[in-house]
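K.L.:
For the record, the sequence lines run as chains A and B.
Read left to right, the first sequence gives residues 77 to 371 (the working numbering).
Read left to right, the second sequence gives residues 521 to 924 (the working numbering).
Among the hints, erroneous ones may be present.
Claimed, not checked - The calculated lysine-lysine pairs, modelled on PhoX-like cross-linking and capped at a C-alpha distance of 20 Å, are:
| id | chain 1 | residue 1 | chain 2 | residue 2 |
| --- | --- | --- | --- | --- |
| 1 | B | Lys870 | B | Lys789 |
| 2 | B | Lys645 | A | Lys133 |
| 3 | B | Lys756 | B | Lys908 |
| 4 | B | Lys585 | B | Lys816 |
| 5 | A | Lys115 | B | Lys645 |
| 6 | B | Lys750 | B | Lys740 |
| 7 | A | Lys102 | B | Lys585 |
| 8 | B | Lys750 | B | Lys708 |
| 9 | B | Lys585 | B | Lys789 |
| 10 | B | Lys644 | B | Lys670 |
| 11 | B | Lys708 | B | Lys563 |
| 12 | B | Lys740 | B | Lys756 |
| 13 | B | Lys814 | B | Lys870 |
| 14 | B | Lys789 | B | Lys814 |
| 15 | B | Lys670 | B | Lys709 |
| 16 | A | Lys115 | B | Lys644 |
| 17 | A | Lys279 | B | Lys563 |
| 18 | B | Lys816 | B | Lys789 |
| 19 | B | Lys740 | B | Lys528 |
| 20 | B | Lys670 | A | Lys137 |
| 21 | B | Lys908 | B | Lys736 |
| 22 | B | Lys670 | A | Lys135 |
| 23 | B | Lys528 | B | Lys814 |
| 24 | B | Lys528 | A | Lys133 |
If you are wondering where the hints come from, they were derived from the structure by calculation, not from laboratory data.
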Amino acid sequence: MFLALNEKVLFSTFVNHRRSGMYYLKISPSKSRFSLNIKELYNSGELIYFFTWRDIKVKYKQTILGFLWAVLQPLLMMLIFTFFFGRVLNVPSGNLPYPVFVFAGLLLWNLFSGGITNSSNSMIANANIIKKIYFPRLIIPLSSILGSVFDYFMALIIFIGIMFWYQVNVSLGYFVSALILSLLLTTLGTIGPGFLLAALNVKYRDFRYVVPFMMQALLFITPVIYPVNMVTNPFVKILVYINPISGAISLIRNSLSGLAPDYTLIACSTASAFILALTGLYYFKRTESYFADLA
Amino acid sequence: MQPILEIKNVSKEFVISHERKPYLSFGEKISSIFKGGRDSREKFLALNDVSFNVEQGDTIGLIGKNGAGKSTLLKILSRITPPSNGEIISRGRIASLLEVGTGFHPELSGRDNIFLNGSILGMKKKEIQEKFDEIVDFSGVERFLDTPLKRYSSGMQLRLAFAVAAFLEPEILIIDEVLAVGDMEFQKKCIQKMENVSRSGRTIIFVSHNMAAVKKLCTKGILLNGGEVKYIGNIKEAINRYTEKFESYETDFDIPVRVADDAPGYAYKIIVEDLDGKPANNFPVGAGWRLRLKVKITHKVKGFIAGIGMLTQEDEGLRTCWSDSYDLDEGEYEFIFSERNIYLASGSYKLILGLSARMVTFQYLENCATLRIAEEIAESAGNIKFAKDVGIILNPMEIVMSKM
C-alpha cells in the first residue's frame, strides 16, 4: 500500500517542481489596505460549492420531511399572514389575491432575512475551521447566503404553483426579468449586512442577540405584508425607500399586477444595496486577518 | 537556488485582556470609550524576531516546550493569522495539517466528508474523485462510507481524516503534533507516511514533543524558546540542547494535601534521588535509586503503612511496595524506598502514593510524581541488552546455551 502510494507521490512532486518556479507568496502583517483578491476567490469556487452544499445538506438532515421544509416554511407563513392580514385586518393588496401578494414579498424577505441570519452566525459556527486552515474567509458568509438562495428557489416552485392556482395572468417576459432582477437586487442587499454582521459577530458576540431582534424590526419597514403605497408617514417612507429589498418586492408585485415598475423606489433600493454591500465587504476584508485570533 | 521558504524577522504580538475574554462585547468597547479607554490589557510577544531559511527538500523539526511559539509560527506559515512584524516569502505551495479532519461534519456521511475535508485542505474536486478509492482503501472504512460520521468510532474518524490528509501533495507540508494522536499502529502509519513524503523530496516542517519521531524524520532542527530561535542546525544537536536545557528532570514533588479532617496525617513531599543521596531522575536502566517520602502525622496512629506504586503512561499498574506497619506519635517522618537495580524499560512512569492505618486508606494519589528511566543502560545493570520497545519490566534471567 505504502509503496504504491509512494510512487504516486514521487511522480506528482516532479510535476510540482516544474510549477514551483512560478509560485511566489509573501506573507506580511496585514495592512489596512483593501484588496478583494477576486482571483483567489474565483479559484476557491469549489470550496464555496462544498460549503453551500454542506449547509443545505446538514440543515435538513435527520428530519422526516427533509427538503420539503424549505417549501413548507414559506407556505405556512403565507397561510398565517393571509389569515391575519388578508382576512382579519383586510390589508389591501391591489388587484392581486392576498396570498399571491404576500408570498411574493415572503419569497424575497426569507432570502434576505435568512441570508443575513445565517451569514451573521457563519463565522462563529465555522470557528474551528477558521482556526486551523487558511482559505479566503469571504467564502464562509458567501456560501451561507447561497444556502438561502437555494431555499429561495425551493419556495419559488411553490410560488409558481400558487400563481397557477389563483390564475394570475402575467406577461411572461416582464415577470421573468422581474424575477431575475429582484433576485439579484435582494442578494446584493443581503451581502452587505450579511458580511458586516459576520465580521462584527466575531469580535462582538452581542450581535448574536441583536440580529434576530433587528430582523423582526426590519420586517415592519419592509413592504411584505402591506403595499408600499400604504405608507404615508414621511419618516417610515424614507426607511422603506432605503430598504434594499423594497424595490425588489415592488418590482415582482408590479410585474404580477401588470403595472409599470416603480423606478424611483428601485433606484433608491439599488443604491442603498450597493452602499451596504461595499460597506460590508470593506469591513469584512479589513478585519478578516484577525478572525483566527478572535474566533 | 533560492530557499523555498524565507522567514524574515517575524514577530507576533498578542494582547492579553485581563478579563480573560478572547472576544469583546460591544458594551465594553463603548464604555471604554467613555472612560477614556483605560487600558487594562497587556502585550505578549509569542514570537520575537524569528528568522531562518528553509531549503527545498529540508525536513525540519521545530522543537521547544509548550508556549515556546511553535504553534504560533505554524499558524503564521499557514496564513491563519498574520505576523505583527516581518515577512515570509514562500516559493512553494504550503499545505498545513494543524489538525486532521478539519471541517468534518458529524451529520454527513463518510463519503461526503472526504469531499468536504479534501476541498477544505485545498484539493480540487477532480483530484479527490481520482484518489477517492485510494483514500477509502487507506482509511479502511469502506463499509461505512454512507453512514453519518457521528456513528463512527473515534478511531475510524481519525483514520478517515488521516487518509484524506495523506493524499495532499503540496511542495511544503506543515504538520503539527496532532498527528501523534491515536493508537500505536496509527502513529506508526503516520510516521511511515511522512517518511515517504520526505523521501520524495518535499519540504516538511514538523512540530512534535516526541523526540524519537523528530529524530527519525528530520534532518534539521530549530529550537524555540520564549518566542526566540535558540538554535538552528543539526537535529541531534537541537534535541540535545532541548533535553538538557528545558527538560530538567524534576526530583522534588510537592504533594497537595488532600486528606479528610479526621485523617491521622498526610504525605507532603516526595524526593527522587540516587543511592548516594544526590537528587536525580532519569536513571539509566538497571541503576540504583531511591525515593524519600515525607509524612506528617497529626494524630497518634496505630498500624500505619506507607505505600508507593507505579503506573505506565497508559495507566497500567506495574508494581506496589508497602512499608511495615508502625504505631506512630505526632511528628514528621520519612520513609525511604530504595532499590539496587531498577529493571524498567526506558520511559516515564507515574508514581502512586497511598497511606493507610489499620487497613483503611486515608490518602491516595495517582500521578503524584514521575520516575524517568533514560535510554541508556547502567554499568551495574548486569545482563540487560535491550532497554527500549521490548516491554516494560526487564528482568535479567540467567540464560544458558548448550550444544546438543
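K.L.:
Which of the stated hints cannot be reconciled with the structure, identified by number in ascending sequence?
P.N.:
Structure breaks hints 4, 7, 8, 9, 10, 11, 15, 23 and 24.
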